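K.L.:
Single-letter residue listing:
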Amino acid sequence: MTADSRRSQREAYLIRVENVGLSYGLGPEILSDLNFGIEPKSFQFLTGASGAGKTTLLRMLFLSLKPARGTITVFGKDATRLNKKTLSRLRRRIGIVFQEFRLLDHMTTYDNVALPYRVLGREEVSYRSDVVDLLKFVGLGDRMHAMPPVLSGGEKQRAAIARALITKPELLLADEPTGNVDPPLARRLLRLFVELNKLGTAVLIATHDIGLMSQVDARRLVIDAGRLEVYE
Amino acid sequence: MTAAASGASAAARAIAARRGRDGGATPIVPSQNIAGRALTLVIAIMTLLAGLTVGAVTMVADAAQAWQSDLGSELTIEVRPVDGVDQAAAIAQAVDIAGAASGVRRAYALSDADTGALLEPWLGAGVDLAALPVPRLVVVEIGDPGALDVEALRTSIQSAVEGATLDDHNIWVDRLRTMAATMVVGGLVILGLVLCAMVLSVVFATRAAMAGNREIIEVLHFVGAEDAFVAREFQRHFLLLGIRGGIIGGALVVVVFAIGGFLLRAGAGTPSAAQLDAFIGGVSIGLTGYLAIAGIVVAVALLTAVTSRLAVRRSLAAIQ
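Keeping their order, the protein sequence lines are chains A and B. Quick note on my numbering: the first sequence kicks off at 1 and runs consecutively. Quick note on my numbering: the second sequence kicks off at 1 and runs consecutively.
Derived by calculation from the structure, the hints in this document are not laboratory data. Every value quoted in this text rests on a predicted model; they were computed, and no experiment measured them. Just so you know, even glycine gets a beta-carbon here, dropped at the ideal spot from N, CA and C. Mixed in with the good hints, there may be bad ones.
What the hints assert, rightly or not - Restricting the straight-line Cα-Cα distance to at most 16 Å, the calculated cross-link-like pairs of lysine to aspartate or glutamate (EDC-like) are:
(1) A/K168 <-> A/D130
(2) A/K84 <-> B/E162
(3) A/K85 <-> B/E226
(4) A/K85 <-> B/D62
(5) A/K156 <-> A/E100
(6) A/K84 <-> B/E226
(7) A/K85 <-> B/D227
(8) A/K84 <-> B/E218
(9) A/K41 <-> A/D224
Stated by the list, open to error - Partial list, derived from the structure: chain A residues whose beta carbon lies under 7 Å from chain B:
(10) I72
(11) G76
(12) D111
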């Protein structure tokens, strides 16, 4: 394979992971020889037992953790050689839902969801109705002025999802997005992800909920004993 | 229009109305916390100290200027008694020579009564000056300092009138000038130290705020914020703290000087108030002083914002 063909193959992916290994300090590798890619408009689950390394892998894909070896290419750029400005620009193309939500407690639900637009420097009048519409869609229409500390776990979860989706990112990474909601709401949120995927956003959902995965016929990335198997 | 769309636009209008009521979007860096209040207090105290220093320096400089102009507007000729010389004639001759010099408004000898009053603390009341060999003084009031040649007057007085010497108060003016300059330099050094202490306080407070708001910084980075955006948000936060603290401190300075002026007026007639009034001309800082205090408030707010911005940029550079 020539250098040009390798480059064009990388550019066909939103994220390309090649021979990646991760270890903390001088300890043993907790993730080894990872090889996979996320294509535009694709839908996949990342699964594995608790503690298998799903969140760690998501952090690497979101550029907040560097691999000990191997290459991660994000939107055609080598993740190990990014300056801070480029890193910020790339992150704007990725939406992420954290398992622990990471909402800002001093801001209302509305302000939390609108945060990515504020960071982009947009005038509020240009996005206000988008934020309200999305909050209503995820069932938080009557909680948009509430502060996160008074929201239930499920409501926080939905606010975090709305914040990740609001700017219609090219790629959505979600860490256990249905972990704190009841089955009917979990199904509704999954439908939201599927709809988003149909509109062109690639989706990667990290979950250990087999029931959730059975509802969508999608590719599965399974982490087991530090290695990753891909089931198309 | 569907019911859902109508509901959404109503909610958007409600948010717009709420924004108008609350004065804009929620600050990304929380505006009120214990550290913020403590820093506001520190800035207020530092502004108070800086303002008091500037006010005191202004007062002393004004008073020194007044003393200098008082002393500089007069000369004194001292005529000592000399054996075989008629002191009254010598005094009259000194008055004539001085009065004829260009630039002199008038020259006159201190009367016996005034001379007696000057000597009263040492010799007691009712002294017979004719019986004592005491020096007598001639006061020379200067009309046009530019036209007066002090050295020529000194030479002509001392050569024509035996026992006469001219005192132009230079030694006192020089001492006053030195003292005033020393106090101004001392005040500026204190002002510099106060501002240094404030800058250090702001640096530590900024670092503490960065550490305390690390979660916010991380979330901002995760949603794609660049360092410049984060720095701007923190700078805005500290600029507001600086303005608030500066205004409180500046207001306290004005109150302190107002109370000082009131107490001085209330104690008018007492020996201590009279001494203070004679020494510094009252507790009043005038328009210059108030403008200087306003300048300090603005400088404190800007210094706080710039310091915090630099501290934030340094901290952000260390965060991956």
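K.L.:
Decide, hint by hint, whether the structure agrees.
P.N.:
Hints versus structure:
| no. | hint | in the structure |
| --- | --- | --- |
| 1 | A/K168 <-> A/D130 | holds (11 Å) |
| 2 | A/K84 <-> B/E162 | violated (89 Å) |
| 3 | A/K85 <-> B/E226 | holds (6 Å) |
| 4 | A/K85 <-> B/D62 | violated (55 Å) |
| 5 | A/K156 <-> A/E100 | holds (9 Å) |
| 6 | A/K84 <-> B/E226 | holds (7 Å) |
| 7 | A/K85 <-> B/D227 | holds (8 Å) |
| 8 | A/K84 <-> B/E218 | holds (13 Å) |
| 9 | A/K41 <-> A/D224 | violated (26 Å) |
| 10 | I72 | violated (15 Å) |
| 11 | G76 | violated (18 Å) |
| 12 | D111 | holds (5 Å) |
Checked against the numbered hints given earlier, the structure breaks hints 2, 4, 9, 10 and 11 and satisfies all the rest.
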